[in-house]
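Trainee: Chain by chain, the residues run as shown.
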Amino acid sequence: MALDQLDSVSASRDDPSNPSRRRLLAGLLTAYTASLIPWALAQPAPSAERGAFTALSAILVGRQALDAAQATRLYDALATVHPRFPADARALLALINERHIDPLQLQGVLDDEQSPLAPLPRSIMRAWTLGVVGSGADAHCVAYETALDAVMVADVLKPPTYAYGTYGSWSSKPV
Amino acid sequence: MSGQLSADIVVIGAGIVGALAAERLARQGASVLILEAGPRLERARIVVAFRNSAFKGNWMAPYPPSPWAPHPIYVPKDNGYLVQAGPYPYPAEYIRAVGGTTWHWAAQAWRLVPNDVRIKSLYGVGVDWPLSYEELDPWYQEAEEILGVAGADNTGSPRLKPFPMEPVAEPWAMRRFRERLAPAYPVVANTVARNSRSYGGRPACVGNNSCQPICPINAQYLGINAVEAAETAGAKVVANAVAHRIEHDAKGRIAAVHYYDPDKGTHRVTGKTFILAANGIESPKLLLLSASDKYPDGLANSSGMVGRHLMDHPSTSLTFYADEELWLGRGPQSPSSINTLRDGAFRSRHAAYRLDFTNISQVLNVTNDLIKEGVYGPEFEKQLRWRAAHQVSVKNVLEVLPNPDNRITLSTEKDALGIPKPEAHYAIDDYTRQGAEVSKADFARIAELMGGTGLRYSADGQFANNQHITGTMSMGNDPATSVVDAFGRSHDHENLFICGTGVMPTAATMNSTLTAIALALRTAEHIMPAKTAHGIAAPADGEASLA
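Read top to bottom, the protein sequences are chains A and B. First residue of the first sequence: 1, per the numbering used here; consecutive thereafter. First residue of the second sequence: 1, per the numbering used here; consecutive thereafter.
Next comes chain A alone, as it looks inside the complex:
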């Protein structure tokens, strides 16, 4: 079965009365988007909206794996701050599915087209990489040590306020 066809199949798995039929992220993707995040296909997608968020997250941050609990927290926080977030996340994923947009080109495409979805990638990236949701006076922190900017350099650096190591350990060559 082609990945494109999975969408209609997976829709029938939405029935919450049938938890044994777990919905997977693969069901929300086209062959193109699946090729961007092959490692993420087996991630759970409890609903179309949450699944779209997980898929978008994986595409945007380009990571091999995303923590499911953190995904839930970030989704909830984003959905609280932006009421349209669940629908927008589905719409943006659909756009990438349909038009096969390269993640590196995505922001430029949205900006050029003055898409109402243009702020969305940055919101998702800020949430995952900085652990910050919302902006201005409404900004709040939902992750720090597990924010991806810390995780991505964890083999070399500790997040500020955490001890690097014993006194003088920073004098050696980093890697």
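Among these hints, one or two may not hold up.
Computed Cβ-Cβ distance ranges for the label pairs, DEER-style [as the list claims (entries may be wrong)]: (1) A:D138 <-> B:W386: 31 to 37 angstroms; (2) B:A459 <-> A:A137: 25 to 31 angstroms; (3) A:P44 <-> B:G461: 24 to 30 angstroms; (4) A:D76 <-> B:N365: 27 to 33 angstroms; (5) B:E179 <-> A:D76: 48 to 54 angstroms; (6) A:A137 <-> B:E373: 21 to 27 angstroms; (7) A:D111 <-> B:N79: 20 to 26 angstroms; (8) A:T72 <-> B:A184: 24 to 30 angstroms; (9) B:G461 <-> A:L117: 45 to 51 angstroms; (10) B:R349 <-> A:D138: 47 to 53 angstroms.
Read the hints as simulated data drawn from the structure, not as lab findings. Built from N, CA and C at the ideal position, the CB exists for glycine as well.
Start from chain A and add chain B according to the hints.
Mentor: Below, chain B without anything else, positioned relative to chain A:
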């Protein structure tokens, strides 16, 4: 009116300077009362506030102001406390709390260089200080031994006795700067109040890289350490006591300080000697607020100089990518500098400066940049790691000359207690701008020697502020042109002393705290000579020695 307090010595301001003066006097047997406008803070809560902050690049975020003792906040928006009269913005930051602004300093504890106190005589600019570097030396030494200062002898500031501690271990990145910039530029270890071994009952640094906004482990000396030492010596601290008027008697001696509690209940504190140590903005504000029929222009202000000669250290900078992996963020934030440009004949023409290398982790800035640029997908992580490993920056720390038009005045706007807010009048003159221009050649040469690419100079004419609030109550021998004498005593009020960076007649090129402490210890000695030489109490671990 409710409540009456009294002490031999009343100190206004529980920051590092006031608290160390208080501690020294308490140790001589004086009764000492310290009034602090802000609340007590707890280190652990500050650490948590930082970790939970959505604005980790803003070091004031973990220090929200109290309603009764506001301080300036600019992120996410200006709280309007420090009113800006222009023409150039002066967005000073400071903390009104027990312990004061050094809660989030980088612990750079520099001495002046000797010629800094003679720039009028030597270079025809600014003013000379009413005391020599040699007179300051023993007070620097005393301050360094209290704080636990780590440093080396190659920074341009001579000394008669050794530093209490060896320099803090050099981060790899700074080693590479030192090796690659030699011999064009000698890169030296910063002189810092940061432990390179256990000292004063506090541990050695373990590289949390959050010196600003908070050292989680007490490895760098903070104002709160000074406050606790003062309390151990017998001083009493009254927090949330917002001094709003200093009262004088018929002879012009200071009789009392009036303060509000958070509910605007009024209190009067009497004393024999008063020390004003509320920083270079709040101290002149209080003097101006205390105008009376006898002193219509405010206390200590017969010269008209209170609030004038506001100085700081503006900075411009260059950010670039070095051609090797340096990974800033390992070890303390402020490890190294180039000090050779702090003095020279050029000072007759343009500002001197120190060149300062940051070791602050670049991860936050790089992440923000990548999101701004829309770099998504696997390229994000690849770029994040490359940039975090290679991105470095150097900034100048420029001298500003004393100019009476740069000043703090009382605003017509008032805070929640009805007290006028401070208003900043500030401009950056050609002398300082020319120094910035000259330093661009140093920036370029440094980048070249580091194989730099992607050079990003700070915008022309744009200066970052370093929060080294200086001047505003300058010391001098002439009562017509200065506010206090060489011992910090007000020319106008026999029993009023002023301590803090505000009494410094010039700003020079170093972070100003250590000099303010040295001057304050000298003031304390002048008020009440020490029976014994001042040294830190032997800590429980027995490892402190004064070399």
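Trainee: Would you say the C-beta atoms of A:D76 and B:N365 sit inside 27 to 33 angstroms of each other?
Mentor: Taking Cβ atoms as reference, A:D76 and B:N365 lie about 28 angstroms apart, which means the hint holds.
Trainee: Holds or violated: 21 to 27 angstroms for the Cβ distance of A:A137 and B:E373?
Mentor: holds (25 angstroms)
Trainee: Range first: 24 to 30 angstroms. Now tell me if the beta carbons of A:P44 and B:G461 are that far apart.
Mentor: With a Cβ separation near 54 angstroms, A:P44 and B:G461 fall outside 24 to 30 angstroms, so the hint is violated.
Trainee: Given the range 25 to 31 angstroms, decide if the beta-carbon distance of B:A459 to A:A137 lies inside it.
Mentor: At 26 angstroms between Cβs, range holds.
Trainee: Look at the Cβ atoms of A:D111 and B:N79 and judge whether their distance stays inside 20 to 26 angstroms.
Mentor: violated (33 angstroms)
Trainee: Take the C-beta atom of A:D138 and the C-beta atom of B:W386, compute their distance, and say whether it sits inside 31 to 37 angstroms.
Mentor: holds (32 angstroms)
Trainee: Range hint 45 to 51 angstroms: satisfied by the CB atoms of B:G461 and A:L117?
Mentor: Given range 45 to 51 angstroms: violated, Cβ gap about 38 angstroms.
Trainee: Is it true that A:T72 and B:A184 lie within 24 to 30 angstroms of each other by Cβ?
Mentor: violated (54 angstroms)
Trainee: Could you say whether the range 47 to 53 angstroms given as a hint is met by the Cβ separation of B:R349 and A:D138?
Mentor: holds (49 angstroms)
Trainee: Taking the beta carbons of B:E179 and A:D76, is their distance inside 48 to 54 angstroms?
Mentor: Since the Cβ atoms of B:E179 and A:D76 sit about 50 angstroms apart, the hinted range of 48 to 54 angstroms holds.
Of the numbered hints listed earlier, those contradicted by the structure are 3, 7, 8, 9.
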